[in-house]
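J.: Using mature numbering (1 follows the signal peptide of the UniProt record, and there is no 0), the letters of the sequence shown correspond one by one to residues -21 to -1, 1 to 228.
Just to be clear, a hint being listed does not mean it is correct.
Dumping the calculated DSS-like pairs for lysine-lysine here, alpha-carbon to alpha-carbon at most 27 angstroms [unchecked claim]: (1) Lys80 <-> Lys179; (2) Lys184 <-> Lys151; (3) Lys214 <-> Lys192; (4) Lys203 <-> Lys179; (5) Lys195 <-> Lys184; (6) Lys203 <-> Lys184; (7) Lys56 <-> Lys33; (8) Lys45 <-> Lys33; (9) Lys203 <-> Lys214; (10) Lys192 <-> Lys145; (11) Lys214 <-> Lys151; (12) Lys80 <-> Lys203; (13) Lys179 <-> Lys192; (14) Lys214 <-> Lys184; (15) Lys151 <-> Lys117; (16) Lys184 <-> Lys145; (17) Lys117 <-> Lys184; (18) Lys195 <-> Lys214; (19) Lys195 <-> Lys151; (20) Lys203 <-> Lys192; (21) Lys45 <-> Lys117; (22) Lys45 <-> Lys80; (23) Lys56 <-> Lys45; (24) Lys203 <-> Lys145; (25) Lys145 <-> Lys179; (26) Lys145 <-> Lys45; (27) Lys179 <-> Lys214; (28) Lys192 <-> Lys151; (29) Lys179 <-> Lys151; (30) Lys117 <-> Lys179; (31) Lys117 <-> Lys80; (32) Lys145 <-> Lys214; (33) Lys56 <-> Lys80.
Simulated restraints, written as ranges between beta carbons of each label pair [as the list claims (entries may be wrong)]: (34) Asp46 <-> Asn163: 31 to 39 angstroms; (35) Asn165 <-> Thr55: 44 to 52 angstroms; (36) Gln82 <-> Lys45: 21 to 29 angstroms; (37) Gln30 <-> Asn157: 46 to 54 angstroms; (38) Asp215 <-> Asn163: 25 to 33 angstroms; (39) Pro96 <-> Lys179: 49 to 57 angstroms.
Quick caveat, the hints were computed from the structure, so don't treat them as lab data. From the three backbone atoms N, C-alpha and C, an ideal C-beta is built for every residue, glycine too.
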Amino acid sequence: MSFVRQAIAIATIISIGSVVAAKNSFAQTHGGHHSSPSGSVVPELTESQRQAEKYVNQALDRLHNKDYQTAIEGLTKAVETQPDHYIAYTYRGDIFRSMGKYQAAIDDYTKAIEHNPSHSYLLNSRGVSYAALGEYRKAIADHSQAIEIYPEQGAGYSYRGAMYFKVGENEKALDDLNRAIAGNENNAEAYTYRGQVQAKLGNNKAAIADYQKAAKLFASQSNKAGYTRATNLAKDLQQATPTASTQKR
């Protein structure tokens, strides 16, 4: 998750409140589903819970100002004070992942999952971290669990489709990426990966169309790196694909 999106998330829970209220804000922001009951009575916070919330909100304030190290320190104090504070583990995991410290991120997401196993965001985030370390099968397992929890969300299909492509299971990859795009037609990454899958399957015309669609979406999203990648993939495949007139010669 980019820090731009984290900043949006921070704005929703920056005020100090109850643990349940913070968890609900987190779930709404990340689009995740968890098993917290609705309409239940909010218990009075203990002193340690209040202190943990204070550390979390101070850390999120630091994160909003891009002071990542201080944010990590605050979140560490929060989990030391309240070891089951899955939100603190999750935000610290997000920071570690954005810093490229993927094993540390995995450790934190694992802790968060122990305390909230029904949250698709946590499973997808750990899966992305496994993928960054080349552990594609573990990533597939996490994304599969996320899909079981929240099949309506296309993110799990997009991530898992990319992983199936990485391990050479192209038919499964194509099916997942089709589902991801059906759920979100603006998913530029899904179009890019589906283009690569189509190319592997010999469907060059479909692959080029996907790359071009991805490039258009990346451009509209001001993602220069994504646009350049998709454009180059399309050009390379076009150059490698013989035209009808060339084949007749």
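J.: Please list, smallest to largest, the hint numbers that this structure does not respect.
T.: 1, 17, 21, 26, 35 and 39
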